[in-house]
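Asker: Okay, here's what each chain looks like letter by letter:
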Amino acid sequence: MFSTILSAAVLGIDAYPVQVEADICDGLPQFSMVGDLAAEVKEAADRVRTALRNNGIAFPAKKVTVNLSPAHIRKEGTRFDLPVAVALLTALGIIPREHTEEILMVGEIGLNGLVRPVSGVLQSVMLAKERGYTACLVPAANVREAASVPGILVIGIQNLQELLECLVSEGIPERYIRKEEFLPEQDVEYQEDFRDVNGQEGVRRAAEIVAAGMHNFLMIGSPGAGKTMIARRIPTILPRLTVEESLEISRVYSACGLLVGEGLAKIRPFRAPHHTISANALAGGGRKILPGEISLATHGVLFLDELPEFSRSALEVLRQPMEEGQVTISRANGKYVFPAHFVLISAMNPCPCGYYPDRDKCRCLPGEISRYLHRVSWPLLDRIDICTETPRVDYQGLTRKGENESSAQIRERVEAARKIQKRRYQGQHWQFNSRIPVSAIPEFCVLGSSEMRIMEAAFERMNLSARAYYRIIRVARTIADLEGEERIRDIHLLEALGYRSVDQNFWDR
Amino acid sequence: MNMEHIYRRNTTDTEEKSIQYIQQKDEAYPEKLYVHKGMPKGLYVLGKLPDPQRPSVAIVGARRSSCYGNETARFFAAELARAGVQIISGMAWGIDGMAHMGALEAGGDTFAVLGCGVDICYPQGNRRLYEQIQKTGGVLSEFAPGIAPKPGHFPARNRIISGLADLVLVIEAKEKSGSLITADFALEQGKDVYAVPGRIGDSLSVGCLGLIRQGAGLADSPQTILSALGISEKQQKPDTKILLAKDENIVYSWIRLQPVCLDELVLKTGWAVGKLMPILVGLELKGCIREVRKNDYVRTGLRITNGEISGDSGVTCKGEDN
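Chains Y and F, in that order, give the protein sequences. No gaps in the numbering here: position 303 of the first sequence is 335 in my numbering, and each next residue is one more. No gaps in the numbering here: position 198 of the second sequence is 184 in my numbering, and each next residue is one more.
It is worth saying that the hints were derived from the structure and are not from the lab. Heads up, none of these hints are tricks.
Simulated pairs of lysine-lysine, PhoX-like, Cα-Cα distance not exceeding 20 Å:
#1 Y:393 to F:160
#2 Y:320 to Y:367
#3 F:177 to F:18
#4 F:34 to F:121
#5 F:232 to F:261
#6 F:162 to Y:393
In this text the structure is predicted, and so the values were computed from the model without any measurement.
Generate the whole structure from the sequences, applying the supplied hints.
Answerer: Following this line, the structure appears as structure tokens:
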């Protein structure tokens, strides 16, 4: 007897269709699995056979062949246990063939017959929907992420008994069908709020500009000044997630197996990798190619604390994704493209001990300070639009109660500025002020004569590079948008100049 | 040996060729050095030697200097250089480097005496300064080219710094500081020593206050130094007055020689960052203040006379001094 079951494999963050074929015929008892399989896929033979026996299904002493087609593409993970089991049961005639048609299945099976969650369910269900299948059979633990895809029937099962209940007889029992659960367009409560931040007026303002224009941000300040606290609150003032953004975030998280038990992403990600992270872990890669931290931070915040402590190779990896909004990973077995639309928030101390320029505390030599600052790669600094100091807050500031602006209030202004940008950049390939290409700056950032004079004076006095020049104009554009002004005015430019980051004089002293 | 190799890699052949060696028997050998005992047999020079006809002042001080010290050093050096004084220092981090920088900014001549061969830039981070000093002034050393900096060299070179100067000005020194060695040499050589006072209680003030207690001159303004050198205050070029707007004036009056951060100004003025920041950058563009560190501001070096404040580069800002 021969049978075919639909399934899907995941490469990178994309799913592609796989057919699981099983054949049982007379011959020497043997169980072989073919089709370019990784070790864990081949182990499915033992898992499935044992699970079936433990659920009271005697496995005949016959020659069994299972093929995963297309046979030339590498298949990894334990997601094929369930389709293999169903294929065998169909080939044995226990499940009628008509009941398995047009149903995509993924899931891992334990020896006792429990169906366990797997990664990449979301994109598999999306693939099923695209291909016009009628239903998806997934582990119960994955049912929420599966149900967030509209327009397809999702069946969640916990063990082989439930599988048999669903497929052996006509009609699937209602209790296994999961209702669609789509992203509700409502306010999502973050745990953090800008209301908790006392003082830090300069950084608050900078954070608002950062969020409004997706500008990369660097905070310089002494230990304990609240750099991490601010960074954690930046996702809370970014605009609410759109459905497309949420789907993209969820696809990445699903591929990494981080969406188990949850539905679509409702909050913007905040990723804060430790400074010992490798370039591969940041960009993505590994034996099984998976998205890295920068992709996990897509549409959210990538926070790099202690920036000078990161290895140079790790930081260099950020440059291309920061510009393109995606990261391309080329390996021997293929090329993978992952999204990386993150905003980079970074923090560092002003000197190795952290207390410069307080000379009563700081014992660092100017040479040590300069060496410390220079550990951060120049090209990376040259991509940071906004830089501020986070001063230490004194006792009065710390214990002051109330009257701080909440994240929701700030977000309202950020969303208004974003709306202006969305309208302005309609039909362009960028969406934010921070991404305006140099060639389009004269069109979208018109400077009057007094503004030109300011830039000329700044260029001379502040030793600006060409890149810095355009960065300042982009930041000024965002400030003007926050004020709701059509034209960039002198005060916007002056304020933007105050946030400039790579000042030759500062870093080179 | 290894170190020397590393340092030497950074110099080019042409640099090596342009180094002159001036011996005691040569006419060019500075007379100011000649008259004292224990001076080197010869000097290696990259650039030129100080002009013996013109007054020269050595400015020395702490390497781990504060912003106040940096600004003061820069300001004194610039003002003295503008009056035609040659500035001599050791090109170290901190005060030394700032003194050279101030002199260069004012278009004056400045001379660096090193504790290593003149072909070696030490500290490495002062490379830009090292190159600029050679262009108009000179880099001098008693050590042959290729000799690496060693801790013992520095106190020895201090006797040349004080020897070449008519007056030694100390800005910020801790209790045990190399600058005090320079001051000791200066006294032995019969030169005047001046010190810029600092606040009591600051560790960086101890050395200077000690010098003043022992009878050193109190350097409260560059004019004091100039009159000590016998240079009358002449050809004061009329300062171009910059009138500050009312808001600018308020912000300016809160900024001192000790760095003030943005948040402090927000508290003091009660203005939003969006209003304050453009004013600060405007003041910065006018040259009235300087951002010494991200969002930390100080006044540029100033003379305060009757509430009229003139900054370097001849800019005058009217600011209330409260």
